[in-house]
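J.: Residue numbers (the working numbering), protein chains in the order written: chain A, 3 to 351; chain B, 6 to 342.
Wrong hints could be hidden among the right ones.
Quick partial rundown of chain A residues pointing at chain B, CB under 8 angstroms, derived from the structure [to be verified]:
id, residue
1, L56
2, L59
3, S150
4, Y280
Restricting the straight-line Cα-Cα distance to at most 20 angstroms, the calculated cross-link-like pairs of lysine to any residue (SDA-like) are [stated by the list, open to error]:
id, chain 1, residue 1, chain 2, residue 2
5, B, K55, A, G256
6, A, K125, B, K338
7, A, K125, B, A293
8, B, K55, A, S282
9, A, K125, B, K216
10, B, K270, B, T315
11, B, K338, B, D248
12, B, K337, B, G246
13, B, K216, A, G256
Honestly, the hints are just simulated from the structure, not real lab data. All C-beta atoms in this analysis are idealised placements derived from N, C-alpha and C, irrespective of residue type, glycine included.
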Amino acid sequence: MAQAAPEFPPPPDQRPDHGRPPEPTRHPAERTELLDFYRQMLLIRRFEERAGQLYGLGLIGGFCHLYIGQEAVAVGLQSALNGSLDSVITGYRDHGHMLAYGISPDVIMAELTGRAAGIAGGKGGSMHMFSVPHRFYGGHGIVGAQVSLGTGLAFAHKYRSDGGLCLSYFGDGAANQGQVYESFNMAELWGLPIIYAIENNQYAMGTSVNRASAEDQLYRRGESFRIPGLQVDGMDVLAVRGAATTALEWVRGGNGPIILELKTYRYRGHSMSDPAKYRSRDEVQAVREKSDPIERAKRDLEGLGLGEAELKAIDREIREAVAHAADFAEQSPEPDPAELYTDVLVGQD
Amino acid sequence: MSTMNMIEALNSAHQIVMERDDNVVTLGEDVGYFGGVFRVTAGLQKRFGKHRAFDTPIAESGIVGACVGMAAYGLRPVAEIQFADYIYPAIDQIVSEAARLRYRSSGDWPMPITIRSPYGGGIFGGQTHSQSPEALFAHVAGLKTVIPSTPYDAKGLLIAAIEDNDPVVFFEPKRIYNGPFEGFYDRPASPWSKHPASDVPEGYYAIPLGKAAVVRPGEAVTVLAYGTMVHVARATAEHLGVDAEVIDLRTIVPVDIETIEESVKKTGRCLVLHEATRTAGFGAELAALVQERCFYHLEAPVERVTGWDTPYPHSLEWAYFPGPVRLGLAFKKILEA
Numbered sequence: 003m004a005q006a007a008p009e010f011p012p013p014p015d016q017r018p019d020h021g022r023p024p025e026p027t028r029h030p031a032e033r034t035e036l037l038d039f040y041r042q043m044l045l046i047r048r049f050e051e052r053a054g055q056l057y058g059l060g061l062i063g064g065f066c067h068l069y070i071g072q073e074a075v076a077v078g079l080q081s082a083l084n085g086s087l088d089s090v091i092t093g094y095r096d097h098g099h100m101l102a103y104g105i106s107p108d109v110i111m112a113e114l115t116g117r118a119a120g121i122a123g124g125k126g127g128s129m130h131m132f133s134v135p136h137r138f139y140g141g142h143g144i145v146g147a148q149v150s151l152g153t154g155l156a157f158a159h160k161y162r163s164d165g166g167l168c169l170s171y172f173g174d175g176a177a178n179q180g181q182v183y184e185s186f187n188m189a190e191l192w193g194l195p196i197i198y199a200i201e202n203n204q205y206a207m208g209t210s211v212n213r214a215s216a217e218d219q220l221y222r223r224g225e226s227f228r229i230p231g232l233q234v235d236g237m238d239v240l241a242v243r244g245a246a247t248t249a250l251e252w253v254r255g256g257n258g259p260i261i262l263e264l265k266t267y268r269y270r271g272h273s274m275s276d277p278a279k280y281r282s283r284d285e286v287q288a289v290r291e292k293s294d295p296i297e298r299a300k301r302d303l304e305g306l307g308l309g310e311a312e313l314k315a316i317d318r319e320i321r322e323a324v325a326h327a328a329d330f331a332e333q334s335p336e337p338d339p340a341e342l343y344t345d346v347l348v349g350q351d
Numbered sequence: 006m007s008t009m010n011m012i013e014a015l016n017s018a019h020q021i022v023m024e025r026d027d028n029v030v031t032l033g034e035d036v037g038y039f040g041g042v043f044r045v046t047a048g049l050q051k052r053f054g055k056h057r058a059f060d061t062p063i064a065e066s067g068i069v070g071a072c073v074g075m076a077a078y079g080l081r082p083v084a085e086i087q088f089a090d091y092i093y094p095a096i097d098q099i100v101s102e103a104a105r106l107r108y109r110s111s112g113d114w115p116m117p118i119t120i121r122s123p124y125g126g127g128i129f130g131g132q133t134h135s136q137s138p139e140a141l142f143a144h145v146a147g148l149k150t151v152i153p154s155t156p157y158d159a160k161g162l163l164i165a166a167i168e169d170n171d172p173v174v175f176f177e178p179k180r181i182y183n184g185p186f187e188g189f190y191d192r193p194a195s196p197w198s199k200h201p202a203s204d205v206p207e208g209y210y211a212i213p214l215g216k217a218a219v220v221r222p223g224e225a226v227t228v229l230a231y232g233t234m235v236h237v238a239r240a241t242a243e244h245l246g247v248d249a250e251v252i253d254l255r256t257i258v259p260v261d262i263e264t265i266e267e268s269v270k271k272t273g274r275c276l277v278l279h280e281a282t283r284t285a286g287f288g289a290e291l292a293a294l295v296q297e298r299c300f301y302h303l304e305a306p307v308e309r310v311t312g313w314d315t316p317y318p319h320s321l322e323w324a325y326f327p328g329p330v331r332l333g334l335a336f337k338k339i340l341e342a
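Please take these sequences and the hints and turn them into a complete structure.
T.: Right, here's the structure in full:
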């Protein structure tokens with residue numbers, strides 16, 4: 003194994019005074035690439051709409067947190083990663099991040115319905131999904147706990163000198179968890195390759211950022227650890243992608259961690275059981291009408307000469323994929339009861 | 006062979022696994038430069054480098070969380086939580102992440118983490134430096150919990166724990182780091198060098214997790230103990246001339262039920278001894294297991310000798326500690342029943 007850089011952990015007098023990253027610029031719109039982003043975002047939306055229906059039908063039980071409205075974040079950030087090097091970890095609102103990786107909607111939906119064919123064998127459920135081949139490390143149901151795990155992943159990247167980094171997502175609510183700051187301190191102290199991506203969808207369940215956060219400009223939360231932060235329009239996939247490029251250059255340049263605050267919005271309740279009484283219908287409607295990330299990409303695509311027929315074909319193709327996933331998830335068998343005791347401890351299966 | 010106390014034996018275990026496997030890293034508060042508050046990790050940073058034996062901020066949750074991420078990526082972290090009493094901030098990461106990831110990822114993520122922590126009383130640490138929280142971890146599916154009682158066992162069990170692919174909580178009875186303690190607190194302390202289990206091989210050996218040791222054979226009553234209490238049990242039995250069979254569990258999860266069952270069926274009496282508080286302590290689990298498996302062989306109710314259901318007191322330490330006097334009364338009760 004390659005030896006870690008000899009300066010680990012860098013002594014205080016040798017830590018770089020690295021200044022700040024440049025202001026990110028919007029990623030240039032290019033037809034093939036933007037079409038790909040559009041397709042991924044649309045897949046997430048249609049998948050989530052269908053998941054909501056299956057939940058209503060009682061086919062998905064327990065907890066189910068939909069990503070509708072936030073699609074541009076996962077797609078914009080993850081499209082910039084090196085899939086064979088970089089790792090990703092997130093919280094419980096994780097369906098979109100998996101779809102953005104191109105993981106089959108079938109096995110994701112089957113996990114939501116708790117079937118043996120689900121990506122975690124049906125024992126994880128909506129909040130707890132993983133894909134080792136995609137270096138996707140979950141899917142975590144405890145608010146903020148994954149931030150420390152991401153920090154450990156970043157340590158391992160550095161230890162192995164493999165050139166990879168960790169993209170560690172968390173929400174505006176998790177940003178108030180203590181272990182996030184323990185992680186920030188370690189990441190900067192040890193110069194770890196990590197992007198902390200705060201998906202600020204404005205509400206921690208029913209509590210708005212303003213009602214819970216003394217500093218509601220979350221990109222500033224790393225300042226006392228010397229971690230720079232950037233605030234990004236999370237409703238514009240090209241703005242997100244542009245910020246991802248800046249952040250990746252910063253981290254791969256050996257500057258240690260960076261924080262991205264993605265300002266976004268979820269259209270649906272926190273989970274399926276949330277009637278969302280803490281905000282007005284008008285507020286949600288205004289965001290949908292003015293800032294929808296998919297509509298925005300669509301307008302950009304039309305500006306690049308994409309015709310209605312092509313967009314309709316994509317729509318049809320995605321509806322078919324989602325319908326297939328729903329059928330698959332409904333028809334797959336449940337796990338065998340003997341699975342209850344597997345994978346508790348190694349060698350006890 | 007060399008003569009080692011428990012600290013030296015634990016240090017030797019680190020040296021050996023770190024030499025054999027580049028994926029092993031050791032981290033914790035004061036672990037690197039200083040070598041650990043009890044010196045268990047002394048010399049590791051100098052030998053293996055700052056990237057393999059290093060200091061962390063005082064942030065137990067962050068330490069264990071980072072270990073989970075490291076382990077997911079193929080490293081084999083060994084974290085020291087400076088005192089078991091400091092482990093509570095990390096409970097979230099231990100219980101909800103380390104112990105559970107293998108299950109909820111359908112076996113994708115093994116969790117080869119070892120969390121070492123000095124535990125237990127007898128050093129006038131008061132309530133925040135004396136606790137025995139092993140039952141909390143024994144209660145969590147997906148964790149193993151190990152407690153050695155001698156230098157020889159400490160080394161072999163720690164090597165096995167680090168090499169194990171499951172998360173292991175490894176509690177080190179700090180009262181016996183430097184010498185066995187038999188509970189006679191008014192007598193001079195005895196060093197490990199006078200005890201046969203301080204003869205420790207310098208090289209590699211592992212003691213399998215989940216195997217108890219019969220440390221004193223006997224016919225009249227079975228005593229189940231671990232950590233410091235193994236020495237208290239043996240010394241008290243010898244002092245009183247009780248023909249007790251003393252079993253050192255060494256690992257409480259998985260527990261070696263076969264050895265327990267065989268002994269209790271032979272003696273017909275079972276006494277459980279631990280320093281932790283009584284209610285819902287690990288002794289309750291042992292008593293339940295024994296009655297489930299040996300009920301028709303029992304000639305007396307299972308007896309528990311434990312710490313009281315109080316915080317660990319500073320000035321009344323020896324009133325709390327379940328020492329030879331309480332154990333002696335329990336022997337009398339169970340043998341006369």
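J.: Does each hint hold? Answer for all of them.
T.: Each hint, compared with the structure:
no. : hint               : result
1   : L56                : 21 angstroms, violated
2   : L59                : 25 angstroms, violated
3   : S150               : 2 angstroms, holds
4   : Y280               : 26 angstroms, violated
5   : B/K55 with A/G256  : 18 angstroms, holds
6   : A/K125 with B/K338 : 49 angstroms, violated
7   : A/K125 with B/A293 : 30 angstroms, violated
8   : B/K55 with A/S282  : 54 angstroms, violated
9   : A/K125 with B/K216 : 31 angstroms, violated
10  : B/K270 with B/T315 : 34 angstroms, violated
11  : B/K338 with B/D248 : 14 angstroms, holds
12  : B/K337 with B/G246 : 11 angstroms, holds
13  : B/K216 with A/G256 : 47 angstroms, violated
In this structure, the hints that do not hold are numbers 1, 2, 4, 6, 7, 8, 9, 10, 13, in rising order.
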